[in-house]
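Peer 1: Guided by the hints, dock chain B onto chain A, whose structure is given.
Protein chains: 2
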Amino acid sequence: MAPEIRKDPVFGRWVIVASERGLRPNEFKPGGPELGHVCPFCPGHEEETPPPVYTLRNGEGGDWRLRVVLNKYPALAAGGSAANVPDGMYEHMDGIGSHEVVIDTPFHDRQLEDMPVRDVADIFRTFILRANEIKKDPGVKYIMIFKNFGQHAGASLAHPHSQIIAMPMVPIRVVTEIDGARAYSEKNGRCVFCDIVREETGFRKRVVGENDNFLAITPYASRFSFETWILPKKHESHFERMESGLAEDLASIVKGTIGKLHSALEGIAYNLIVHSMPVQDREAGHYHWHIEIMPKFNHMAGFEWGTGFYINTVSPEDAAEMMNSGKKFKI
Amino acid sequence: MAPEIRKDPVFGRWVIVASERGLRPNEFKPGGPELGHVCPFCPGHEEETPPPVYTLRNGEGGDWRLRVVLNKYPALAAGGSAANVPDGMYEHMDGIGSHEVVIDTPFHDRQLEDMPVRDVADIFRTFILRANEIKKDPGVKYIMIFKNFGQHAGASLAHPHSQIIAMPMVPIRVVTEIDGARAYSEKNGRCVFCDIVREETGFRKRVVGENDNFLAITPYASRFSFETWILPKKHESHFERMESGLAEDLASIVKGTIGKLHSALEGIAYNLIVHSMPVQDREAGHYHWHIEIMPKFNHMAGFEWGTGFYINTVSPEDAAEMMNSGKKFKI
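Chains as they are written, first to last, in my numbering: chain A, 1 to 331; chain B, 1001 to 1331.
This is chain A alone, in the form it adopts within the complex (with noise of 0.2 Å):
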């Protein structure tokens, strides 16, 4: 079956069905191909992925430093249409979109916060060439960039790879989070992450990284123990539109914020979302783009993650000053 996305009638949230992703190899289940063994994403292995969509080359390992390929298994693809179908009761539409995979590096061991700030900065040159070119489809209403480390993040193969998704529609949590943060700018008059950069930078305890572009902060109301948010000390509402020139000021405090949690806790499984306005909306007072990392515990918060009902063990002042200590920690 072709990808579909399926409304659900009660929430109004998409949820996308794409039965062929489950076919794609897996390093961390059992029985899945051995690390590193067949590992697709390594250089001399070039052909196992679909052709390059973008390729950045002259790098110290060879031939390639960076690649961009279309998903092997995709969430959602070309082709189709985006009208809303009924299906009884329900809507659904066809699964149209893109589903890009950025391979961060030909080292298949050398993690983000292992890179030099150079390279981590062309991931991100990367996620916004790629963005900009993928929204001149005025089909594409969002794209989702993001990046997945550990098995219990969702990732299937252990080589540094980013993702990068366009939709044809905005998620519910994306225009539930931009009509939160216009209610804030309506009654306040101000932009809701100018201010938490504003009160954070005074607070200083939840500050885990800064430099003179970027602020990286354990959020007030963090879901999950060591959560964190990096925030762009200019108000821009879109990531696409930053200024190519922060790239290594972005690439040095993600680095460094990476660096601290897994310092703290060695080889947590984290997701990495930037969170941006659509890409079709015009420049917004109200919305600032910013990137969330959220650890993912083995054995904590199943239940949350399901729910939207969160409860936190760390206190975010904790986990800063346990990012910040340079100590190793188990939780």
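The hints are simulated quantities; they were obtained by calculation from the structure and are not laboratory data. Ideal Cβ placement from N, Cα and C applies to all residues, glycine included. Please note that the accuracy of each hint is not assured.
[Said to hold, decoys possible] Anything over 10 Å on all C-beta distances counts as not near chain A; from chain B, calculated:
# : residue
1 : 1008
2 : 1052
3 : 1055
4 : 1128
5 : 1177
6 : 1203
7 : 1207
8 : 1326
[Said to hold, decoys possible] Below, simulated EDC-like cross-link-like pairs (lysine to aspartate or glutamate); rule was C-alpha separation at most 16 Å, straight line:
#  : chain 1 : residue 1 : chain 2 : residue 2
9  : A       : 234       : A       : 266
10 : A       : 7         : B       : 1087
11 : A       : 141       : A       : 281
12 : A       : 233       : A       : 266
13 : A       : 328       : A       : 318
14 : B       : 1205      : A       : 87
15 : A       : 205       : B       : 1087
16 : B       : 1007      : A       : 177
17 : A       : 234       : A       : 249
[As the list claims (entries may be wrong)] Simulated restraints on C-beta separations:
#  : chain 1 : residue 1 : chain 2 : residue 2 : range
18 : A       : 85        : B       : 1044      : 56 to 62 Å
19 : A       : 87        : B       : 1211      : 25 to 31 Å
20 : B       : 1234      : A       : 87        : 24 to 30 Å
21 : B       : 1187      : A       : 183       : 22 to 28 Å
22 : B       : 1282      : A       : 22        : 41 to 47 Å
Peer 2: Showing chain B alone in chain A's frame:
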């Protein structure tokens, strides 16, 4: 630090920050207590839990057959004020409420699907009885009743147990669900859940269980592979107002559904959550209580849980067919 409820300034969602809960024993963690060795929920260890608030006696295994105790490491507890306290630009309130644990059975290894229907019905009757008792406090706005099975679903003890959390506010997910149901009802003049019962009873391909009073389905826009919902056929907005005569039928369909889930996917972790109207709200024509059962795959979907953006690789029609087949699968 006593539990505190913090409000996210963007989403308006409340997060419980409960540091002491991080200290609770976890049988599943490396270095945690050995399985079954010092189980505080087994007969003979009654003094290791706080005193019971409710006990069902005359069990086949000895003295009691079900106990309800206060959680030793509560997410919320009595005392404090429900007033919103400013905290810089943010707000929080005391973590008031209650957190009870239902010890489902004296038998350490007898899971829900292995219990006699009569014992499962006792668990649901206990939920109803406790909810009706707890809601007498007008400060209690919502009562969340749930069951985590297995490590990946957030369980910290293997002995079969359920949880009842009374909260001083209604979680945002509940508000959103009820708003969605109200919007459907205003548009269509009917309860969306009543419509789902009718639609699925006719379509059949997503039905995994049925009796006189309840229907079990894999919902059309399943967020998670093998997600199931159990709905009462007769409209009722509040779970705790269910006629106690229905408890046997409810027990039977829950037991059957978990049995099919565990028959298809051996030992899979799950969260079982009762969705119901806020306890102080009057009977509503647009909302219909139900139970959602969400399997948790170790290697899947970490991403989706944190974002509200779901990719499901097993269609609900396939999941129903697999659950009804009696065969075993590896996912």
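Peer 1: Evaluate each hint against the coordinates.
Peer 2: So, going through the hints one by one against the coordinates:
A cut-off of 10 Å between C-beta atoms contradicts the statement that residue 1008 of chain B is not in contact with chain A; the least separation is 4 Å. The Cβ of residue 1052 of chain B sits about 23 Å from the closest Cβ of chain A, beyond the 10 Å cut-off, so the non-interface label holds. The beta carbon of residue 1055 of chain B sits about 26 Å from the closest Cβ of chain A, which is more than 10 Å, so the claim that it is off the interface holds. Annotated as non-interface, residue 1128 of chain B keeps its C-beta farther than 10 Å from every C-beta of chain A; the closest such distance is 21 Å.
Remark: the non-interface label on residue 1177 of chain B conflicts with the geometry, its nearest Cβ contact in chain A lying 6 Å away (cut-off 10 Å). Against chain A, the non-interface label of residue 1203 of chain B is violated: not every CB pair exceeds 10 Å, the least being about 6 Å. Taking the minimum C-beta to C-beta distance to chain A, about 13 Å, the non-interface status of residue 1207 of chain B holds against the 10 Å cut. With a cut of 10 Å on Cβ distances, residue 1326 of chain B stays outside the contact zone with chain A, its closest approach being about 21 Å.
Between residue 234 of chain A and residue 266 of chain A the CA atoms are separated by roughly 32 Å; this puts the pair beyond 16 Å, and the hint is violated. For the hint linking residue 7 of chain A to residue 1087 of chain B, the alpha-carbon distance of about 39 Å lies beyond 16 Å, and the restraint is violated. With a C-alpha separation of about 9 Å, the suggested pair residue 141 of chain A and residue 281 of chain A falls inside the 16 Å cut-off, and the hint holds. Distance hint between residue 233 of chain A and residue 266 of chain A is unfulfilled; the C-alpha atoms sit about 29 Å from each other, more than 16 Å.
Note on residue 328 of chain A and residue 318 of chain A: the hinted pairing holds, with a Cα-Cα distance of about 14 Å set against a maximum of 16 Å. With a C-alpha separation of about 13 Å, the suggested pairing of residue 1205 of chain B with residue 87 of chain A holds against the 16 Å cut-off. The straight-line distance between the Cα atoms of residue 205 of chain A and residue 1087 of chain B is roughly 13 Å, inside the 16 Å bound, and the hint therefore holds. For a cut-off of 16 Å, the pair hint linking residue 1007 of chain B to residue 177 of chain A stands: about 14 Å separates their Cα positions.
Between residue 234 of chain A and residue 249 of chain A the CA atoms are separated by roughly 13 Å; this keeps the pair inside 16 Å, and the hint holds. Separated by about 60 Å at the C-beta atoms, residue 85 of chain A and residue 1044 of chain B satisfy the suggested range of 56 to 62 Å. Checked against the given bound of 25 to 31 Å, the beta carbons of residue 87 of chain A and residue 1211 of chain B, roughly 27 Å apart, stay inside it. Range check, residue 1234 of chain B to residue 87 of chain A: about 26 Å between beta-carbon atoms, so the 24 to 30 Å window is met.
Distance hint check for residue 1187 of chain B and residue 183 of chain A: the Cβ-Cβ separation is about 24 Å, which falls inside the suggested range of 22 to 28 Å. A hinted range of 41 to 47 Å for the beta carbons of residue 1282 of chain B and residue 22 of chain A is consistent with their spacing of about 44 Å.
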